[in-house]
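Starting from the known structure of chain B, arrange chain Y on it as the hints suggest.
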Amino acid sequence: MLPQTLDDLVNGVVEQSDPYGALALHPYVDDKIRVKLEQQMFASRRLKYVFASAHYTPGSVLDRLSVDDDKQLRIRILKHPNTGSETLAGIFSGKCTARMRILIAGHANTPGKILEQINWRESDSLRKALCGNANTPLNVIREILDICTVTEKKMIAGNPNLDKELLQMLWNTGDAYVKAEVASHGAFPEELVDRAVASDEVIVRQKLAENPALSTKVLYRLLLDKSPKVRAAVVRNQEISVEQEHRLSDDPSDYVRRHEARREGLAREVINKLAEDRDAWVRRWTAGNPTTPEDILQKLVEDENLYVRRSVSRNKSCPVYLLKILARDPSPWVKAGVALRDDLPAELLLQLSEEEDIDIQSAIGRNPNTPVHILKRLALSDNKDIRRSVILNTGVTVEVLNLLVEDPYPLNRIILASRQCCDRRIRWQLANDPDQEVRFSAVRALAMQMVNQTNLECR
Amino acid sequence: MSGILVIAEHRQGEIRPATFELVTAATGLKEQSDGTVMVAVIGKEPDRYVEDLGVRGVDEIITVQVDQDEFQPDIYEACVRGLIEDKKPSLVLIPHSVDAWGYAPALGAGGEYGFSTDVFGIRYEDGELVATRAAYKEKVYMDVDFPGKETIALTVRGGVFKPEEEKAEPTVSSFNCPEVQARSQHKQFIEPEDTGDIDITQSEFLLSIGRGISEESNVEQFEELADAVGATLGCSRPIADSGWLPKSRQVGQSGKTVSNCKLYIAMGISGSVQHQAGMKHVENIIAVNTDPEASIFSIAKYGIVADIFDIAEELPGHFE
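Residue numbers (the working numbering), protein chains in the order written: chain B, 1 to 459; chain Y, 1001 to 1320.
None of these hints come from the bench; they were simulated from the model.
A quick note: this is a predicted structure, and the numbers were derived from the prediction, not measured.
Take these hints with a grain of salt, some might be off.
Restraint-style ranges between C-beta atoms, simulated for each label pair [said to hold, decoys possible]: (1) 39(B) / 1136(Y): 25 to 31 Å; (2) 1188(Y) / 108(B): 52 to 58 Å; (3) 122(B) / 1011(Y): 58 to 64 Å; (4) 70(B) / 1188(Y): 50 to 56 Å; (5) 1183(Y) / 70(B): 44 to 50 Å; (6) 380(B) / 1135(Y): 35 to 41 Å; (7) 1118(Y) / 47(B): 25 to 31 Å; (8) 1292(Y) / 70(B): 21 to 27 Å.
The list that follows gives simulated cross-link-like pairs (lysine to any residue, SDA-like), each with its CA atoms no further than 20 Å apart [to be verified]: (9) 226(B) / 1313(Y); (10) 79(B) / 1299(Y); (11) 79(B) / 1270(Y); (12) 1030(Y) / 1003(Y); (13) 229(B) / 1229(Y); (14) 1149(Y) / 1118(Y); (15) 384(B) / 1191(Y); (16) 316(B) / 1215(Y); (17) 1162(Y) / 1016(Y); (18) 229(B) / 1309(Y); (19) 128(B) / 1297(Y); (20) 229(B) / 1317(Y); (21) 128(B) / 1302(Y); (22) 229(B) / 1310(Y); (23) 36(B) / 5(B); (24) 229(B) / 1318(Y); (25) 384(B) / 1256(Y); (26) 316(B) / 1221(Y); (27) 229(B) / 1315(Y); (28) 79(B) / 1306(Y); (29) 226(B) / 1317(Y); (30) 229(B) / 1314(Y); (31) 316(B) / 1218(Y); (32) 1256(Y) / 412(B); (33) 79(B) / 1273(Y); (34) 1256(Y) / 410(B); (35) 384(B) / 1277(Y); (36) 128(B) / 97(B); (37) 316(B) / 1024(Y); (38) 384(B) / 1253(Y); (39) 128(B) / 1293(Y); (40) 128(B) / 1290(Y).
Note that beta-carbon positions come from the ideal geometry of N, C-alpha and C, so glycine has one too.
Bound-form chain B, shown alone (with noise of 0.2 Å):
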């Protein structure tokens, strides 16, 4: 029977004896039920390992799990991206081996008092795990420093919680690449610019370009640097006199060039001169810009490079006139292109569905006013991959979701479990298929649904 409430899908699952069902309840129901669930979840050994390493098993789960004995199932639950503070911090008062003790001074939710009690003498691979943390208290990372090797000090000089000091130290005590870590993070210390700007090495100089704290009067020095790279740092960073957008489309170097055709906002002649580039890459970069005008789209919708042309059929700015162009291009990536695009006119969409090319199909498959009629047909395509473009528009009604419903491409029922649009049927049905992933995407969807009482009705 279709559950109506919370209450009714907890029984549903209990009644089924589905262990993926139960996990992704798990943290939608208070204690009591959870307990419910736990006799499922947990009945074997297997399982809890499998829960332990399952990309999608929630927080709440790996927390119960973790007071299990079993050592090689706490290290899973310590690899785990979901472990959440307070089960880390559980793990480390308990019985805590040195390899757990180094996965917490990994894990990106272990808080900055927990590290601060790690030991970090105890070993090297115990300090390396503290140096690539970026919630190690400056403290920590302070007495380390003496000791660490140039590889950990670059991952140190990564955290962007870093102050003047600690950077000051890395400068001085750090190789190029360290260096060049420093001289990009947001708190550089300016009495370091100068010999940033002046150092030997490239990457030094090309970080310090990429830094957006950087003033005007620096990146300038940088646009005359020799090198390149150096150079399209500039070029990415910050604005640009119009007199410089002219001599870095004159630059010798295509990567300068290519970078430059991506900035928004160039003068008009620049941006022309770009588009009649020699180097192809240059005026795709130039085609896609959405701040390139109009009639220089027009000349590059006629461009001999297929990529230039596609290019224009993504850029957001591309008129329909142009569209229309594209429509009829020879090449199906390039109508493919206009086929993806949310403002696409109604004729030429009907027109791009006949058109059976694979990478158009599912453009269609995808645009959300693709008429249901071309929706259902796309439906029962026999390729899993434009089944999928219509499971994944954000369009699609609740009729045209049912045909997918019995997809046999189990991934397909995946996403459509989760698609917002799919009503409550649709995911009940799925919570029984044979599949457990499905079942767990389903039940999971109908949880979050039920609690957050969301009518979630398709158009």
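Structure of chain Y alone, referenced to chain B:
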């Protein structure tokens, strides 16, 4: 029981390279198996394959004439069983292929032979044959022995042994296939549709992108990178599903298996089971991901825990 029987595999009139790989494997075991190496070829006109099968290490080619040239599981099972009963080999080697899946397990079970599949190591220990194969999704290797079995049938993984190429002139004999009722019929070979795009299955060097690239506008950067390093650009399912790259570039269970690939760089790909199905066999996998626990690292030869955009920036300089 002595000698080794190799079952030749052919498709559309050509002997498949796996057959010659098995000849190399059999030649290496010949001395310990105390017998000859026989190669059996089953087909409508099996004599046409004799010249090709005459390579070093083969002592005897056995032709088995049947009504159709194309593979049919019932016919193969009956023929190979008949050959085993007649020639009494101690070891039967079959290419581990889609054909073998269709009949080898039935052969092994029905004949009560020692049997193992997807074997990539074969040796004798104290006169007893030991086969090595993988288990738990290649996480462990295991040795399998076959106590008390007089005949052992193994399906052998492709690409493990170097195919024998040097020509020789073995003796040729024929064998009559036992009567058998085929329960299926070959109708036609259907060539995969030519999409006009690059065939990633033929590429030796693939650079594949996944969810880690975040936005459609970043795809071109990696196309440019693949171009710069001489790789073919592939992708995981979510990228193809979003329409950011053609379906023909998708690697994995619902995409393609990159059978010729020797170097695979996975950038921003977590490594779902479905994706791994299309690439985990590649000898050199390099994975780049910010998540050190990403599944892709469990099959990668080299792992880089880093931002794919940083690596993309650095990589071309190392291919100059």
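Item to check | Hinted pair residue 79(B) and residue 1273(Y), Cα distance within 20 Å | outcome: Status holds; Cα separation ~18 Å.
Checklist entry - Is it true that the C-beta distance of residue 380(B) to residue 1135(Y) lies inside 35 to 41 Å, as the hint says? => result holds (40 Å)
Checklist entry - When you check the alpha-carbon spacing of residue 384(B) and residue 1191(Y), does it fall within 20 Å? => result It holds: about 19 Å lies between the C-alpha atoms, which stays within 20 Å.
Item to check | residue 384(B) paired with residue 1256(Y) [C-alpha distance capped at 20 Å] | outcome: Holds: residue 384(B) and residue 1256(Y) sit about 13 Å apart, inside 20 Å.
Checklist entry - Holds or violated: are the alpha carbons of residue 79(B) and residue 1306(Y) at most 20 Å from each other? => result The given pair, whose Cα atoms are some 18 Å apart, holds under the 20 Å limit.
Checklist entry - Keeping to a limit of 20 Å between CA atoms, is the pair of residue 1030(Y) and residue 1003(Y) held or broken? => result holds (7 Å)
Checklist entry - Between residue 128(B) and residue 1297(Y), does the CA-CA distance stay at or below 20 Å? => result holds (18 Å)
Next on the checklist: Range first: 25 to 31 Å. Now tell me if the beta carbons of residue 1118(Y) and residue 47(B) are that far apart.
Outcome noted: Hint holds: Cβ distance 28 Å, inside 25 to 31 Å.
Checklist entry - Taken at face value, is the distance from the CA of residue 1317(Y) to the CA of residue 229(B) at most 20 Å? => result Holds, because 10 Å separates the two Cα atoms, which is no more than 20 Å.
Next on the checklist: Given the hinted pair residue 128(B) and residue 1290(Y), is their Cα-Cα distance within 20 Å?
Outcome noted: Holds. Residue 128(B) to residue 1290(Y) sits at ~16 Å (cutoff 20 Å).
Checklist entry - Taking 20 Å as the top limit, are the C-alpha atoms of residue 128(B) and residue 97(B) close enough? => result Distance ~17 Å between residue 128(B) and residue 97(B) Cα, so the pair holds.
Item to check | Holds or violated: residue 316(B) to residue 1215(Y), with C-alpha atoms at most 20 Å apart | outcome: holds (14 Å)
When the structure is compared with the earlier hints, a violation turns up for hint 37 alone.
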